[in-house]
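Participant: Chains as they are written, first to last, in this note's numbering: chain A, 1 to 176; chain B, 1 to 227.
Worth flagging that the hints you see were computed from the coordinates, not collected in a lab.
Here the structure is a predicted model, which means the values were calculated and not measured.
Using N, Cα and C, we set each Cβ at its ideal position, and we do this for glycine too.
One or more hints might be untrue.
[Said to hold, decoys possible] Now the stretches of chain A that chain B is said to cover, found in silico as 3 or more residues with beta-carbon under 8 Å:
hint: 1; stretch: 47–53
hint: 2; stretch: 67–73
hint: 3; stretch: 115–127
hint: 4; stretch: 136–144
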Amino acid sequence: MILGALLRFVRPAASDTLDFATLYTRHAGLVHRRVRRFFPAEDSEEHVHAIFLRALEKQATWRGEASPTTWLYQLATRYCLNRLRDRARQREALAINAELPWLLPAEAPDAAARVFLEELWATLDEETTLMATYYFVDGMTHEEIARVTGVSRRTVGNRLEALQATARQAAGEASP
Amino acid sequence: MSPGVSRRDGHATDLALERLHAGELTAADFGDHLDTCAVCQGRLRALGAFEVPALARRPRLAPWMAAGLAAAAAVVLLLRSPGDPAVVPDAGLRLKGGFAFEVFVHDGATERRAGDGEAVHPGDRLGFRVHAPEARQVLIAGIDAQDDVYLCFPQQGGGASRPFGPTTAPTDVGEAVRLDARLGTERLVALACEAPVRLADVEGALRADATPPGCARRVVRVVKAAP
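Bound conformation, chain B alone (with noise of 0.2 Å):
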């Protein structure tokens, strides 16, 4: 084998088989080890196999971040200009009123709200505001560039919705999610429903692009792009 492939023991090391793996390396830089290992050979076999898990889910943040985000964006509403376009409004459910749906982009450094095709980047922290008239049940939710569901809010209760309001203003939900780095445009939709739904039942339609029964929908749509 080349310098620096081989373990002490005399099999590859994990890193060299990753190398050849990812193309870095040839099976010559092995000399004829993987011809005749058999014990290396199902190593690499492993590597080969090895599925990476579907990365849908966001980690949520600490409590203390999520208060620093809504105490963040209490400010930035204060700011905005008027008018600002950042909820696309769609069909369904009418609340008296008006049902809003805001979106919030905490860089580490400045809040922003979103406004609808809004720049952001891999781990940037999104915040929500809802404002629900009338009391509903509510259920935020994000669909990436591969189309995976992921949960937003509530973010216990197993994928079920949570009763709001009624509100008399755009008000944080208290949760708040961290975009992880695929990239993208990602949707994110808040749903007020008259009844319990639960993420399962719904994701079909919220991949459709389309309104659950029963439930009214605002969607916000982010670009997500390396930095």
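Bound conformation, chain A alone (with noise of 0.2 Å):
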């Protein structure tokens, strides 16, 4: 079965519930180019599956106004990195699918975004992770991050200047 057309999300009328069923046909197509940018594809199956489960187990984070495909996004997002907390992975990790056709163009990661991928990654907080990667991966403003993340755009701020600073200093002290 191909599960690739991607169609308009209801939600029941008079309802902020989700319709899981409905989710999972309109959706699937994102979780897994999601996963694709993370892992092989002969992995994604099954992260695809267990992101789905945790969709299931998480509906009671799903505010109704909020949009389906961001809430999914940072489902997968998050999920993606906690499975990825291994250091060697990482690296691996996005580089590995820099090349999907739908992520084009990929820049090539300056020498704070290094610092991040090859150092920093392990010894941040969860939160602070996901919003490093939406920034230096995903390449998103802070505006953008703080309305994925539903945190303010100056937490955002305050916590991504942090890093970029420790980062700068980490490449700076790295170079000869």
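Need the complex rebuilt from these two chains, each delivered in its own frame; the hints are there to steer you.
Facilitator: In structure tokens, the structure reads:
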């Protein structure tokens, strides 16, 4: 069965609950593509299943007014990052699928991004890792990160500026 | 572009393109960017061309989970009410003493034997017991609501059946599967055959609700719904 065509999302009338069957049918492609950003194709199926099961568990965090795409994107990203806590796999993860056609153009990471990917990732808390991934890997602005994560733009800015300062310092120290 | 859809390099974010693809945003939210940027046009086409692989395979349970499942199943067997019609009889090779197939559902908190039409949910784990009073080649498969066939037992061996029995009572096959998120009625089919069979050779018969030659067949139907 192919679930490639994504259709518009429909919620039950007069309800803010998730229509899980619709969610799965219409957004399996999104979750697959997000998983492919971090994992090889041969591993993706199991991760997609796990993410939808996680979505079932996390239904209580669904806000009726929210974008289902954003909610699943965030859920999938968080899942993938948690599965990549192993440092050796982190470096590989973002290189293996950087050329996927829906991601192009992939920019070469700058010095601060390299430090984040190679040194800082494993030392950060989950929320900061998430924000840093959106910033360094996905190229999002502070404003978009704030929207996706549901925290204030000021908080995003403060955390990322602190992280960038650390990364720049580490990059400078690493330079000859 | 509207705020929140642009990357720092000026192209649309991956998420914004996903939202456009899903109908949550419109092209107008990107200003004239999508009309003028060949790169983002190509990315959007790639989203549309992406085909989700068929999700027919189910991940295996870790061995400790399977062991726990078997132990819990044994308890449930002792507690079940007599005459519980869990198995749909079917024509085919007759086995002296009767070929039996039982399915157990573990939902993370409880364990129960599946009656025919048992309500199950995505994420539930299914374990299997087979009674083959004469040694046979056994293969267990599932057919989901979209008629996709997936292998349940044996999970090693490339889809080939495995020698099983003779047994004196329903015996756990030692492997289990976890249900995916695809909803609807699924048939769980156990075959006990005189000679080795391969799933690829019998899946047409299983889809057609038929019994392959030289085999006995038992079916348990479950109905998978969202919790």
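Participant: Examine the stretch 47–53 of chain A for residues whose CB is less than 8 Å from any CB of chain B, and state whether their number is three or more.
Facilitator: holds (count 4)
Participant: Are there three or more residues in the stretch 115–127 of chain A whose C-beta lies within less than 8 Å of some C-beta in chain B?
Facilitator: violated (count 0)
Participant: Are there three or more residues in the stretch 136–144 of chain A whose C-beta lies closer than 8 Å to some C-beta of chain B?
Facilitator: holds (count 6)
Participant: Cut-off 8 Å, C-beta pairs, minimum 3 residues; does the coverage of the stretch 67–73 of chain A by chain B stand?
Facilitator: Coverage by chain B holds for the stretch 67–73 of chain A (5 residues, Cβ < 8 Å).
Of the numbered hints listed earlier, the single one contradicted by the structure is hint 3.
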